[in-house]
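Q: Chains as they are written, first to last, in the working numbering: chain A, 28 to 238; chain B, 28 to 238.
Accuracy of the hints is not assured; some may be wrong.
Which copy? The list can't say, so a pair holds if one copy fits it or any two copies do.
With a Cα cut of at most 20 Å, we get these calculated PhoX-like pairs of lysine-lysine [said to hold, decoys possible]:
| id | residue 1 | residue 2 |
| --- | --- | --- |
| 1 | K220 | K204 |
| 2 | K173 | K220 |
| 3 | K173 | K65 |
| 4 | K139 | K121 |
| 5 | K204 | K29 |
| 6 | K105 | K65 |
| 7 | K139 | K204 |
| 8 | K235 | K139 |
| 9 | K235 | K121 |
| 10 | K65 | K204 |
| 11 | K29 | K139 |
| 12 | K235 | K29 |
| 13 | K235 | K204 |
| 14 | K38 | K65 |
| 15 | K29 | K173 |
| 16 | K173 | K38 |
| 17 | K29 | K65 |
Derived from the structure by calculation, the hints contain no laboratory data.
Protein chains: 2
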Amino acid sequence: MKYFNIEALQKLPSRHRAHLINTCTGYKSANLIGSKDKNGITNLAVFNSVVHIGSNPPMLGFILRPLTVRRDTYHNFKETGFFTVNQITSSIIKAAHHTSASYNHDISEFSKTGLTEMYLDDFFAPYVAQSNIKIGCSYINEYTIKENGCLLIIGAIEHLYLPENIIQDDGWLHLEKADTAAIIGLDGYALPKLLNRFNYQQPDELIKTIL
Amino acid sequence: MKYFNIEALQKLPSRHRAHLINTCTGYKSANLIGSKDKNGITNLAVFNSVVHIGSNPPMLGFILRPLTVRRDTYHNFKETGFFTVNQITSSIIKAAHHTSASYNHDISEFSKTGLTEMYLDDFFAPYVAQSNIKIGCSYINEYTIKENGCLLIIGAIEHLYLPENIIQDDGWLHLEKADTAAIIGLDGYALPKLLNRFNYQQPDELIKTIL
């Protein structure tokens with residue numbers, strides 16, 4: 028077993044530490060956030076930090092890096108109020124990863140990746156046509172993490188599009204059937220296989236599988 | 028394609044909506060958070076919301092549900108300052124899931140799951156012996172998400188234990204070799220297989236794999 032204490036972590040080269048710390052907490056969600064400024068210039072960016080915030084009302088959150096440089100995603104949803112969350116499938120991982128290149132604001136990542144802009148039900152922000160699960164969100168709030176200047180962004184889920192055949196009877200989504208990928212750290216992509224689902228747990232009751 | 032607008036989402040039965048909204052944002056990280064109160068009673072709880080906050084200094088975050096009932100994990104790290112994050116492997120998913128049963132504060136989930144308490148380098152909070160990746164954290168701060176009362180908890184990563192053979196030359200961890208699981212929603216567990224790693228992206232450069 029390898030052991031790092033905080034002093035050992037601090038002595039690591041910056042990029043090495045970034046890979047280690049980004050990967051040590053496990054697989055992350057794989058999503059593309061789509062947005063558009065008021066002049067119609069679209070933006071698309073890969074995020075590995077989308078988390079569940081609440082179901083009633085439906086909300087999600089994600090972590091945005093400090094605003095030390097212009098962040099097009101942030102600029103766009105602050106200016107217009109809207110963004111989309113589009114799930115990354117295994118067949119678009121290369122294109123999704125290329126959205127991390129830093130293009131100028133006036134160049135859309137859609138035009139550089141082969142991913143297709145799509146508009147649904149008059150929603151302002153663009154969806155990714157190739158994504159199997161698409162979520163339309165309104166920007167609600169942000170919390171500045173004062174320890175390092177990152178932001179937690181809160182979005183309200185207002186539109187949800189997904190393939191009918193991945194929805195189980197109780198509302199749970201069979202993500203393996205949707206070809207959904209997971210992210211490892213800054214640059215790794217994985218494809219999960221479902222192991223099991225378990226029942227709601229009560230003290231001292233035997234666990235049951237519900238698949 | 029199935030479509031839900033916000034009105035349709037709000038009309039769903041509460042549990043159905045919870046499954047749908049918890050799963051629609053993709054796979055989540057699979058970790059057990061270990062803690063201990065000042066009287067020595069340990070606690071262990073499954074979390075699917077651990078995210079990366081920063082590498083310099085190394086920090087992680089996770090979402091805690093509203094404090095409308097006693098939350099032992101919260102009580103313990105507020106009282107003592109420490110908690111551990113222990114990665115869930117495919118061989119302990121049943122035991123990990125059972126920690127979601129609501130046992131009284133004076134009953135340790137370690138005693139009900141077969142997971143083994145482990146103490147390393149005099150750290151106050153218990154690790155899970157069966158976890159391949161173990162992280163010792165100090166509680167730093169919390170942010171109340173006023174939209175629904177959830178909390179974002181920030182922890183400083185101060186100790187990190189992991190198998191030597193999963194560490195790549197550049198610090199990136201090969202989670203597939205660590206048997207790390209991912210979580211789907213509230214009750215599903217999956218095992219990812221690595222697809223690829225890509226190089227740092229520059230505008231208009233061809234993407235390369237770095238595996």
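Q: Is it within, between, both or neither when you check K29 against K173 at 20 Å Cα-Cα?
A: For K29 and K173, neither the intra-copy (31 Å) nor the inter-copy (40 Å) Cα distance is at most 20 Å.
Q: Quick one: K105 to K65, C-alpha cut-off 20 Å, is that within a copy, between copies, both, or neither?
A: within (11 Å within a copy, 45 Å between copies)
Q: Within, between, both or neither: how does the pair K204, K29 come out at a Cα-Cα threshold of 20 Å?
A: between (37 Å within a copy, 15 Å between copies)
Q: Between the shortest in-copy and the shortest cross-copy C-alpha distance, which are at most 20 Å for K235 and K121: within, between, both, or neither?
A: Between copies only: 9 Å across chains, 38 Å inside a chain, cut-off 20 Å.
Q: Reference check for the pair K38 and K65, CA-CA at most 20 Å: within, between, both, or neither?
A: Classified as neither; 45 Å inside a copy, 33 Å across copies.
Q: With identical chains, the pair K173 and K220 could be close in the same copy or across copies; at 20 Å between alpha carbons, which is it: within, between, both, or neither?
A: Neither, since 38 Å and 36 Å both go past 20 Å.
Q: Is it within, between, both, or neither for K235 and K29, if the alpha carbons may be no more than 20 Å apart?
A: neither (36 Å within a copy, 30 Å between copies)
Q: At 20 Å max between alpha carbons, let me know whether K173 reaches K38 within a copy, between copies, both or neither.
A: neither (23 Å within a copy, 38 Å between copies)
Q: Could you figure out if K65 and K204 sit no more than 20 Å apart (CA to CA) within one copy, between two copies, both or neither?
A: neither (36 Å within a copy, 46 Å between copies)
Q: Within, between, both or neither: how does the pair K235, K204 come out at a Cα-Cα threshold of 20 Å?
A: For K235 and K204, the Cα distance exceeds 20 Å both inside one copy (22 Å) and across copies (28 Å).
Q: When no copy is named, should K139 and K121 be tagged within, between, both, or neither for a Cα gap of at most 20 Å?
A: within (12 Å within a copy, 44 Å between copies)
Q: With 20 Å as the alpha-carbon cut-off, assign the pair K220 and K204 to within, between, both or neither.
A: both (9 Å within a copy, 15 Å between copies)
In this structure, the earlier hints numbered 2, 3, 7, 10, 11, 12, 13, 14, 15, 16 and 17 are contradicted, and the remaining ones agree with it.
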